[in-house]
Amino acid sequence: MAQIDLDLAHSYRPNPQSDSDYALLPLKMSFRDGGAYALLGPSGCGKTTMLNVISGLVQPSQGSVRFDGKDVTTLTPQQRNIAQVFQFPVIYDTMTVAENLAFPLRNRGVSSAHIAKRVGQIAEMLEISQQLNQRAAGLSADAKQKISLGRGLVREDVSAVLFDEPLTVIDPHLKWQLRRKLKQIHHELKLTLIYVTHDQVEALTFAEEIVVMTRGRAVQTGSAAELFERPQHTFVGNFIGSPGMNFLPAQCTDNRIRIGTHTFDIPAQAQSAQLQSFGDFVIGVRPEYVELASVNQADAMPAQIVRVQDVGTHWVITASLETGGVNGSTIVRARLSAETAMLSAGDTAWLRIINSHTRFYKNEEMVA
Amino acid sequence: MKPVNQKAWFLILPVLLCVAFSAILPLMTVVNYSVQDIISPERRVFVGTEWFTSVMRDSDLHEALWRQLVYSFSVLAIEIPLGIMLALAMPAKTWRSSAVLVIVALSLLIPWNVVGTIWQIFGRSDIGLLGVTLAKVGIDYNYTGDSLDAWLTVLVMDVWHWTPLVALLCYAGLRSIPDAYYQAAQIDGASKFAVFRYIQLPKMRGVLMIAVLLRFMDSFMIYTEPFVLTGGGPGNATTFLSQYLTQKAVGQFDLGPAAAFSLIYFLIILLLCFVLYNWMQRVGTTDKEGAHE
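The listed protein sequences correspond, in order, to chains A and B.
Each residue of the first sequence is one higher than the last, beginning at 1 in the working numbering.
Each residue of the second sequence is one higher than the last, beginning at 1 in the working numbering.
These are computed hints drawn from the structure, not numbers from a lab.
Do not rely on the hints blindly, as some may be mistaken.
Derived Cβ-Cβ restraints for the label pairs, each shown as a range [unchecked claim]: (1) A:E127 - B:L88: 37 to 43 Å; (2) A:R32 - B:S191: 40 to 46 Å; (3) A:S18 - B:A99: 32 to 38 Å; (4) A:E127 - B:A20: 53 to 59 Å.
All values reported here derive from a predicted model rather than from experimental measurement.
C-beta atoms are modelled at their ideal positions from N, C-alpha and C, and glycine is treated no differently.
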């Protein structure tokens, strides 16, 4: 187990010129010893590259990787003592399940008594004790991936266990079960776990801290609540939450926020002078915090309902707001409880947008 | 009783007809010859199993069969490991892999009789590069006079000609292994040998099976190269089964015994391939059945 510090950049090209040549833009990041982390982002955002840089399968083109302060940049995964589980199950066809689980230990010359003990423990943890003496080749994809997970967890002295979207091939109901298992294992063994995924639910339920990545950049690191309440970047607002954050163009004049033709009081979290200095900026508000208001209410504005969806537990309404500017109107989504949402497409509803949960963005970065 | 849909027979009828004309009918003419004594085109006598018994008792055949078996298994024992080693040594990516592939495949593009001719000249101790070199080094090498030299020359020629096929098949098998396997092995701390033993070899099993069967059948039926190189000699040192058969059928025009032997030859190949195939299947799948930790 180790604290992992990254201070690096990586490009798969020899002479990176522009930002788009980098798989990982220059970043500085620390993973606490014993923490459970998730790297979250869309495909191609650099999360797998970051994982492979940590494990040592990829050497960063610049900068360093440190484990407990020791520079390990040029060391192999074996020397770094890393365990990694891949997206698709990797099993050794000719071996039994038990031999598969024992393989990482046997390669390191662990005594056979200890191997048998560890294999037994891991098999029990993953509920594959019954299959220990079966050949691994004939098993289902689920079971194979469990073996891959088991091989990642079988060594107890590893610096960290890295998961590269390990549950992609697993059935949904087993996914929950396995994810819970991983959390449980994390609590029991206090290993540093880093988990790559593009599924926000997976990331939010698994990790204590989530690193949101896009286009080779880590835009925010924080807990699920932080990412939800205070997205530091419009990308985070958009990517986390379902539906994502609403963004509305706005200005600030005469100590009031102006959206289209309506003006509102400035909420406590923002300063008038700061907002005024920006000229144009963007208001971010979660669909959960858009409220239905009565007609002509002073802190609300009218919106044209475009679509109403029943999502079971609640309603999602899609509405069009007159925000002026180039496009004239902006689409806003609101999440409303079933009782309040007696609306249908074509209606006009008054929505209260600005409140204490509203965030302000300039150049995609949160400013207040 | 399950209901049987008899219409299915009509669907395989075209295939049956094709196979009948391409394989079964020609084979039946051979069967026909094998039980008759053809004295002249108009006169023929049914002789039953007489040709079979006489062929089976032929000591020339026994020698040829023995020679053939040793030869074919030597071919496998050399070409399969050598082909695997070649495939492992071949570069995986970039233009170099294409270049190496073309070079490796070159010998496969040469017609059989040309291969024989090339080696016939190559091995001559007066003008051939190999023959002259060996003579210079002081090795008494003469494939036209010495039985062992002739036999070895035919073997080396086959290795030169056909190992690339094994290498190409293995190379294809190796390239189909996803990178994740190598990465996982690296994470698991596997040695180079362990990677070969537990990843590369099992993943090559399918292509290796094809390679073994192809090389076995081809080498068991070898004809052209020894015919051009040594003509079966010196003595009978390189007379393999095909040569023996040709001598019987064309040389002496003993159609009956030749036909009987053809059938036996065919059955031997079928049997050996069947045994090899099943053995390899088992090696792959029950390798460690029931192994305990």
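Structure-based check of all given hints:
no. : hint                       : result
1   : A:E127 - B:L88: 37 to 43 Å : 38 Å, holds
2   : A:R32 - B:S191: 40 to 46 Å : 34 Å, violated
3   : A:S18 - B:A99: 32 to 38 Å  : 34 Å, holds
4   : A:E127 - B:A20: 53 to 59 Å : 56 Å, holds
Checked against the numbered hints above, the structure breaks only hint 2 and satisfies the rest.
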